[in-house]
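Here is how the chains run, residue by residue.
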Amino acid sequence: MSRIHVTANVNGDEVEFLADPRETLLDCLRDHLGLTGSKEGCGTGDCGACSVTLNGRLVSSCLVLGVEAQGAEIATIEGMAKDGDLHPLQRKFVEHAALQCGFCTPGFLVAAKALLERNPDPTETEIRFWLAGNLCRCTGYDKIIRAVQDAAAEMRGAA
Amino acid sequence: MRYHAPATFEEAVSIAAGASGVTRFLAGGTDVLVQLRSGLVTPDDLIDLKKIPGTGDITRLEDGGWRIGVAVSGAELGAHQALVADWPGVVEGMELVGSTQVQGRATLTGNLCNGSPAADSVPGLVAAGANVTVQGPKGTRDIAVEAIPAGPGKTTLAPGEIITAITLPPRGKHAGDAYLRFIPRTEMDIAVVGCAVSLVRDGDRVVSARVALGAVAPTVLLVDACAKAIEGTTLDEAALAALTRAAEAAAKPISDKRGTKEFRIEVAGVLARRAAVIAYERAGK
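Residue numbers (the UniProt record's numbering), protein chains in the order written: chain Z, 1 to 159; chain C, 1 to 285.
Next up, chain Z with everything else stripped away, as it sits in the complex (with noise of 0.2 Å):
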């Protein structure tokens, strides 16, 4: 099995790696480039513990292959923080105990962040169904939204 090189650009930064063309995306970005923050949940495209973005769309980094990544900009949950400041979705959710375990929160993030770009207010329905690929099994929902609006509104300045 040949492996193949791939360049890309991630969170800014160039990178290359060698995939085996049965790799994944998210099997590339961890074993890899050792961003090990994208999570692999279910492998097939149902839990979004994988966000990324790829070319600016949220997708689900287990259902992209590595090889598809060459030439691309992907932007992980290590890219959300800048300069040690958290990113204002993550600091809401840690002052709204938005997570327990933490294993869907970089998924929840990288997808929450995707939403505010397009949409900076958007309404309680709006988030539930775009964060409706996004599976967490310990908070119900509730405190993820309510970071998220919280986050919005913060970053509007409405808040």
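These are computed hints drawn from the structure, not numbers from a lab. Cβ atoms here follow ideal geometry from the backbone N, Cα and C, with glycine treated the same way. Please note that the accuracy of each hint is not assured.
Pairwise CB distance ranges, derived in the manner of DEER restraints [to be verified]:
| id | chain 1 | residue 1 | chain 2 | residue 2 | range |
| --- | --- | --- | --- | --- | --- |
| 1 | Z | G12 | C | A79 | 21 to 31 Å |
| 2 | Z | D13 | C | H174 | 48 to 58 Å |
| 3 | Z | Q70 | C | A249 | 50 to 60 Å |
| 4 | C | K154 | Z | G157 | 46 to 56 Å |
| 5 | Z | T7 | C | G54 | 18 to 28 Å |
| 6 | C | T140 | Z | Q70 | 35 to 45 Å |
| 7 | Z | G34 | C | L40 | 49 to 59 Å |
Over the 10 Å line for every Cβ pair with chain C, so calculated as not near, a few chain Z residues [to be verified]:
| id | residue |
| --- | --- |
| 8 | P21 |
| 9 | R22 |
| 10 | T44 |
| 11 | D46 |
| 12 | R57 |
| 13 | S60 |
| 14 | E68 |
| 15 | E78 |
| 16 | Q90 |
| 17 | R91 |
| 18 | G102 |
| 19 | R137 |
| 20 | C138 |
| 21 | D142 |
| 22 | R146 |
| 23 | G157 |
Covered stretches of chain C, as calculated for chain Z (at least 3 residues, CB under 8 Å) [to be verified]:
| id | region |
| --- | --- |
| 24 | 30-41 |
| 25 | 215-221 |
Assemble the complex: chain Z is given as a structure, and chain C must be docked to it using the hints.
Structure of chain C alone, referenced to chain Z:
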């Protein structure tokens, strides 16, 4: 598994036609990668179509129709305002497929070629009268979308044949379409029954219609009797009752964990009626 990223459809066809083992085409990958990872289908040759120019494009044709590349995702479809204005039913069917994450990758052509009788985007395409362009070792042909599914997980495409684009006809004036599905929750589920209606009005009267049912037979059905039930009418109560009966009569579902045969037949009638009303209202705007 060999990964190929050809630059033309000719090259893709030649790789597929020359392959001796299992071949899969990759666009959004939301079915192919799940099958690969679960060990259900391990391709010897995986042919990624996204590097072929035009596969990511939505193009308005000279006659007013639309050409949709095979790698256009549901999210891109939904963001295209002019396409949504022409064919809201086609787009809303696709947008029901999976989560936001799946929408970032999943494609109309992939949903069609996966061959699920419950594929949410297929009834809308069938009702719209969409065509696909098929390219293979013997040349290129345009065929109706409803000619592609052959049964659960199967298509009529021959080895080495690829769909290169989907074409929607010109929408024209006073026309509308709609897709509805029934699932027991609000999102992230597979249709128990789906129904798409596309129609053209002249004043209050329905001039022509196409009605497609999903998840009630081994393939998505185009039901002429449903169209006949509402053509020439003002979609009054009698026409809607006739449409309901025609949809119930056409539905030939199985009973499974998602719903019983009897339930699916009844829901097929209800969805046909409701989708027709939405399409009729959209056509009046």
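Hints the structure fails to honour
Hints 6, 7, 8, 9, 10, 11, 12, 13, 14 and 25 contradicted; others consistent.
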